[in-house]
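Participant: Chain residues, written in single-letter form:
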Amino acid sequence: MDATVSPTVHPEAAVARPNYLNAEYGLKSWLLTRDHKRIAILYLISVTVFFALGALFALLVRLELLTPQGDMVQPDTYNRLFTMHGIIMVFFFLIPAIPAVLGNFLVPIMIGAKDLAFPKINLASWYIYTLGGIFTLWAIVNGGVDTGWTFYTPFSTNYSNTHVVMTAVGVFINGFSSIFTGLNFIVTIHRMRAPGMTWFRLPLFIWSHYATSLVMVLGTPVIAITILLVAAERLLHLGIFDPRLGGDPVLFQHLFWFYSHPAVYIMILPAMGVQSELVAAFARKRIFGYRIVAFASIAIAVLGFLVWGHHMFVTGQSIYAATVFSVLSMLVAIPSAVKVFNLTATLYEGSISWDTPMLYALGFIGLFTIGGLTGTMIATLGIDIHLHDTYFIVAHFHYVMVGGTIMAYLGGLHYWWPKISGRLYPGFLSRLSALLVFVGFNLTFFPQFILGYLGMPRRYWSYPEEFQVFNVLSTAGATVLGVGYILPLCYFTWSMRYGKKSVDNPWGAIGLEWDTPSPPPTENFYTIPVVTRGPYDYSPEEVHARRTEEVRVG
Amino acid sequence: MKQDLPLFPESASNFAPEVDALFWAWTAVSLFFTALIAVLIVYFMVKYRRRAVDEVGQSERAATSLEIAWSVIPLIISLAMFAWGTKVYFDMFRPPSNAVEYYTIGKQWMWKFQHPSGQREINTLHVPVGTPIKLNIQSEDVIHSFYVPAFRVKQDAVPGRQTQIWFEATKPGVYHMFCAEYCGAEHSRMVGSVIAMEPQQYEEWLAGGPAGQSMTASGAQLFQTLACDTCHRPTTGIPARGPALEGVYGKQVRLEGGRTLIADDEYVRESILNPQAKIVAGWAPVMPTFQGQVTEEQLAQLVSYVRSLGGGGSPEAGGTAAPGGSAADSAGGQVDNPAPQTAGPAPQGTNQGPQNRPQDKT
Chain A
1 MDATVSPTVH
11 PEAAVARPNY
21 LNAEYGLKSW
31 LLTRDHKRIA
41 ILYLISVTVF
51 FALGALFALL
61 VRLELLTPQG
71 DMVQPDTYNR
81 LFTMHGIIMV
91 FFFLIPAIPA
101 VLGNFLVPIM
111 IGAKDLAFPK
121 INLASWYIYT
131 LGGIFTLWAI
141 VNGGVDTGWT
151 FYTPFSTNYS
161 NTHVVMTAVG
171 VFINGFSSIF
181 TGLNFIVTIH
191 RMRAPGMTWF
201 RLPLFIWSHY
211 ATSLVMVLGT
221 PVIAITILLV
231 AAERLLHLGI
241 FDPRLGGDPV
251 LFQHLFWFYS
261 HPAVYIMILP
271 AMGVQSELVA
281 AFARKRIFGY
291 RIVAFASIAI
301 AVLGFLVWGH
311 HMFVTGQSIY
321 AATVFSVLSM
331 LVAIPSAVKV
341 FNLTATLYEG
351 SISWDTPMLY
361 ALGFIGLFTI
371 GGLTGTMIAT
381 LGIDIHLHDT
391 YFIVAHFHYV
401 MVGGTIMAYL
411 GGLHYWWPKI
421 SGRLYPGFLS
431 RLSALLVFVG
441 FNLTFFPQFI
451 LGYLGMPRRY
461 WSYPEEFQVF
471 NVLSTAGATV
481 LGVGYILPLC
491 YFTWSMRYGK
501 KSVDNPWGAI
511 GLEWDTPSPP
521 PTENFYTIPV
531 VTRGPYDYSP
541 EEVHARRTEE
551 VRVG
Chain B
1 MKQDLPLFPE
11 SASNFAPEVD
21 ALFWAWTAVS
31 LFFTALIAVL
41 IVYFMVKYRR
51 RAVDEVGQSE
61 RAATSLEIAW
71 SVIPLIISLA
81 MFAWGTKVYF
91 DMFRPPSNAV
101 EYYTIGKQWM
111 WKFQHPSGQR
121 EINTLHVPVG
131 TPIKLNIQSE
141 DVIHSFYVPA
151 FRVKQDAVPG
161 RQTQIWFEAT
171 KPGVYHMFCA
181 EYCGAEHSRM
191 VGSVIAMEPQ
201 QYEEWLAGGP
211 AGQSMTASGA
221 QLFQTLACDT
231 CHRPTTGIPA
241 RGPALEGVYG
251 KQVRLEGGRT
261 LIADDEYVRE
271 SILNPQAKIV
281 AGWAPVMPTF
291 QGQVTEEQLA
301 QLVSYVRSLG
311 GGGSPEAGGT
321 AAPGGSAADS
331 AGGQVDNPAP
341 QTAGPAPQGT
351 NQGPQNRPQD
361 KT
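Protein chains in written order, with our numbering: chain A, 1 to 554; chain B, 1 to 362.
Excised from the complex, chain B in its bound form (with noise of 0.2 Å):
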């Protein structure tokens, strides 16, 4: 892998030589203008050098035609490559149905992974080639930054927000993984690396590793020790203080207030962290918030268990959900009309049991 002089970054996914036929365009149109006015200075510095010492320019009146030219040439250039760029970029941020969810934390400083099979990683990270590999990306301190340069894929890792990349491996190999936001002492440290095997050897190594909780699984649990699934339920006999979630996730969802919105990731995390932000209608606004409760990790996991809890087809592209956990009975994926509201005033903030049970998630 080690050359003495690189000059061309390895090239190991689906991305690389689409990046690089647009780099290379680019450089050479870069290289003809510079050179252009390199010669041209050059060659102008010496024809018209001074020869008398009074001696004045030939001022020309200005060409329109020229100013014209060279306006508008370089603009439809630009465009052009802005919508072959725009292009590209669009293939990298929009993930193929069939992409395979991993999950990345970044934190100061590491990576930390997760199959979809459960094993974690920390700093490696094993794909298999061949593949779409979805990376759901979060941190859990300052900002970082994915970046396989092999892949030529990069994505900041933003704490309070999930963003995500994919790529798909096309060369085994060991490529450099980077942290290419700056994030403090070790930022140079975050480093690790991206292995990239046949898919029979990355079963192979699957199955040679201890196996983890998947994180649906893991979700599943986190569900019932912060005892969500006390008011999240269905009705039975007692009305419950929150709605079910089975069948809620990737459906539309009216809230107080009339407007509608798509149970998606982001809002099952938002509701998490800030439920009094986006109140189902027809709930009490009861739920008190989880934030400083549950890691980055753990978020990830919940959110992927309530995606687990099925609904409609995920809103996104990349609906990978295994179907796992205790879904208990579904609800029939309508929200839209919840349980009448218990009788009398929500139970706020009276004492519900032995610890601080979350209430009504609405």
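With the rest of the complex left out, here is chain A (with noise of 0.2 Å):
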């Protein structure tokens, strides 16, 4: 997979070594399993099914917006599609995405633990996620559903006609499928650490998840609370949104954004975690700062939840409390800049390689800049005043939850694949498939950041002639953007049965997971580790030892 690292195919490891993969066959072993890692791999299939459909839908939506005139599909459908692709990814994808695939998979092996504290919890929240995935696609199926991923009141609660109940009931499950994954982490890393596994020899993939899990546990009840109420002003006229019924439709936006926004966080988070990740091992050195940047995650998740009023500068709200939402916005930038510049530092005389992982990595620290910088534009209350509600918007959170989360899941699941199935992939493809994936991201969004200066609102089935020029080169971005994520299902699938076996260590990285084979046995670890030392301290003997020999048996 790349000129640098040729990984030596071992002539024993044709004599399979037990490991999770092959523990166990049939459908119940693995519907059945309490193992973190075959969950993991229950939820990667998952997450890849509703992040299809979620892209299909986006892809649908991009088609009608070639034209200004909405000529493709009725504008009922139109606000379906945008409804559902962004109920499908926020949801069903990018919240669940790194925790639940990587972070299962990685979380107990990273710290020196057999499994999470609670397999069985683990097991249902997987359960819970398919329910709630289950109704969401039941309402879609029949019909879909027209709010907006938003569910803004009064209009969701008495103004449309479609299955809102239905897909609120699909959230709310699935939230509980959070609830116990963050519950499990929190858990698992306090109590389940190896012997020596300090928390400051902790890897910041586990920094970042513990920060991810304290938002989650915390933040999403709220969520819970707030769409049964939509549910119960729905069903039974309960007043608490619609005004004619005595409620108050800006109630429903605080509550909604105490949660939706820390749940960037929680996307975001766990995204910061694999970087620090990739970059240390593919710069072979210690992360820049380590304990600033653990702290900095920490320090995201807490102010995360103080900033949810800048979604709401054009309602009417107090011009004070505006004020306050938006320097603390300010605030929380400040984490996030440094957790940048730090990664950037680490690269500062590392021995760089440029395999597809480090690939993605790259990219992600450049357009999580652009995220965050045109963030803390929009924070800013003159200027969001004109931009709020436009495709800057929605430029700038696709270029966070997009540039950023996807990104780094994209580069974690290329960096743990041969420890996840224990084989390779094509050099070439995935090296072309980042730059696809760089390349037609910027060309779909960096037009619309023009587009939302220029007013063109959002959620918009037509539009004023002169924005088309913009509206085109998206459109035909997201087909580079499409090739570039169909490239990775393809020859991740394909490596599965015909990948070349990989070694137990093909990068040479350093990290508890790497001391164990790819793929790992069932209780991870033959015997459990000791640790002595920080996670990146890495030198060129132990890389040469790591990168050639096969973990030790017993």
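It is possible that part of the hints are untrue.
[Stated by the list, open to error] Label pairs and their calculated CB-CB ranges: (1) B/35 to A/527: 17 to 25 Å; (2) A/244 to B/221: 19 to 27 Å; (3) B/35 to A/435: 32 to 40 Å; (4) A/56 to B/11: 36 to 44 Å; (5) B/69 to A/432: 53 to 61 Å; (6) B/11 to A/468: 17 to 25 Å; (7) B/276 to A/319: 28 to 36 Å; (8) B/11 to A/245: 37 to 45 Å.
These aren't lab readings, by the way, just hints derived from the structure by calculation.
Where is the CB? At the ideal position from N, CA and C, for every residue including glycine.
Please dock the two separately framed chains into a single complex, following the hints provided.
Facilitator: The structure is reproduced here in structure tokens:
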């Protein structure tokens, strides 16, 4: 897969060592498994299905917007398309993607544990996620929902004639899978670290997942309650959000964003964790300012709870409240900026490989920087009034969520794929995919910044002609991006069966997950490791030994 | 107006230059940092590319001075931008006292406007250049958002409350008006134009159209149609069941329980929709609600009428209520000592007349 890293296939690898994949066979062994690694695979399959579905909706949205007049689908259909794109991508892909797939697989291994603290709850979380997904899919099959993923009242409670309650039930149920995962991670990280694994020897991936879990456990109940209130008003006509019943529609926005803003950090914090692992492994050096990066995760998680009002600058909230939310939003940008600077500084005097995961990682830094900076722009009150609810916002959050979260997710998947599957994937194709994703992404979303500044509102089915140029660019970019996403799907699937067998540690990386065979045995380690040093202490001899030798059995 | 590759929106209000200056300053800062990071990444990537299979990086000790620098510098920049942005924002939400009030109602899927002189328009708003204009914005159904990109102003229309925005057009022309908050099927067709005209042309345009009744005049009529005046009248022999409203607006009002507040738009509005919420001291809570009986538009008219009955200065900056309507004898602007209550129990719920006569508004 790489000219500089030429993994050798060991003859004994042909005699399969017992691992989590070959320990048991049959559908039942998967559906009733309590192995966090198998559950991670279940999640991997589910989130991939949802991602494909969400991407399909995005593609249809982009095709409709190719021309100014709405001419491909009816406005009702268009409204359902962008709504379902948002709901699926946010609740069923972005939120679970990194924690439930990579986190599930790696958190126990990275801290030297045999499994998560509550394996059955872990399995339950996948079933809950699936159940929530089924409700939402049912709503889609029956005609979908048209409220926007934000479910703003009183439109969602009194005016929409679509399957709001069914979708809401799906999202409500899904929330519990987040809570379960977060709870499991918190307990596991506190209680199950291997001997010698102190807090400041934890990989930054663990720190960021710890911070994420706090947000999941504290924030998700609020969205659950909010959704219940929407259903109660819609079905029982309780006056909560509808002013005609004595309610207040803006109250909904407070409750909704109290969760949904921190949810952004549920999506981006694990991505930052992945990012730290990738940069350390492919620059082969310690992360610059380890402790500061670790505390930055916690600071983002805490401050993230205090900025929800910046979604509501034009709702008529008190100008003083808006001022406070604006300044707090500036503060939350600082730890994010610190992370970007530290990651960049880590490259200095590194030994930088151009392997696929690193290409994704470097792409992440660039795109996340743009996403973050435009975030501070729209946190500035005077600018947000103009840009609020325009394509500038759409571009901004896609830079954070797609340019940030999905880049990191794909980078992480490429990095740990040999660990997860024991197989390698084609080097050229995977580098090409990283390039296509980066170029396609920028072509899709950069024009949307300009569209937003020009004043094109979001969620428009038809638009004035002068906006067409940028919409055409955007749609063209989306097709490139689509190809970039289809490639990994193809070669990962291919490699599971036909990929070259990987050695245990093809990258020469340091970390407990690389101290065990690839793929790992059912309980992760032959003997529980004892940790004696920090997470990223690289030396040439060690890299050499790790890159070429099998992990000794027993 | 249409260009082949537009990169800048039209700039046609007093706010546009301010917002643009802020926007481009921030953009310059963003470009600088993005370029810095991008150049560093590419430079490091090439300079420190791996040359030997087992090569490792040179781990250095973290430099505290660097960490402080890249925390404090962004902090200073973002706080400076925050301060600047907040100044622009405060300007946007504090209309000058000479602003002329227009009424705007959003409903699925149109914008309705009424000029101070009574002219009504749908999806088109004519405004004179050079006059500060304040829009009182309401919604009849879901949340909408009034947005004119060329003016850089946006304000949600929220059902159940009244919001405001102001601007001063600086350049004659025809500009897009959008609904920016998703409001259902025809959201993208809830669009129109703001037509900014030289003041003289605006006057001519006004003269040409059929002038409707002003908000205040409509309110005065409504005040009688809804029989508000049966209770809200000065005590003349027979004690009134509700406080007279002459001279109340903008004054301090003492409530049951000792609290006081200023009788502003919001209070008048609330008192019509939810009369029991804040009762004026000394009056019985007998007024029925008018929730569901008056439209948002009528509500705005009633508020406008009550305001026209005078009182102190307007509590808001933009008190431009035309002295109109049929102001009866003024009660003297003192509502702290209302007329004594009617003897005996207040006639709650009893049939007072032919129809559902509103009773005591307190």
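Participant: Confirm or reject each hint.
Facilitator: Cross-check of the supplied hints:
1. Between residue 35 of chain B and residue 527 of chain A the beta carbons are some 50 Å apart, a value that contradicts the proposed interval 17 to 25 Å.
2. At roughly 25 Å, the beta-carbon separation of residue 244 of chain A and residue 221 of chain B lies within the given 19 to 27 Å, and the hint holds.
3. Between residue 35 of chain B and residue 435 of chain A the beta carbon distance is about 20 Å. The supplied range of 32 to 40 Å is therefore violated.
4. A C-beta distance of roughly 40 Å is found between residue 56 of chain A and residue 11 of chain B, which places it inside the suggested range of 36 to 44 Å.
5. Take residue 69 of chain B and residue 432 of chain A: their Cβ atoms lie about 38 Å apart, and the range 53 to 61 Å is violated.
6. Between residue 11 of chain B and residue 468 of chain A the beta carbons are some 22 Å apart, a value that agrees with the proposed interval 17 to 25 Å.
7. A beta carbon spacing of about 30 Å between residue 276 of chain B and residue 319 of chain A agrees with the range 28 to 36 Å that was offered as a hint.
8. Separation of residue 11 of chain B from residue 245 of chain A is about 43 Å and conforms to the stated range, judged on CB atoms against 37 to 45 Å.
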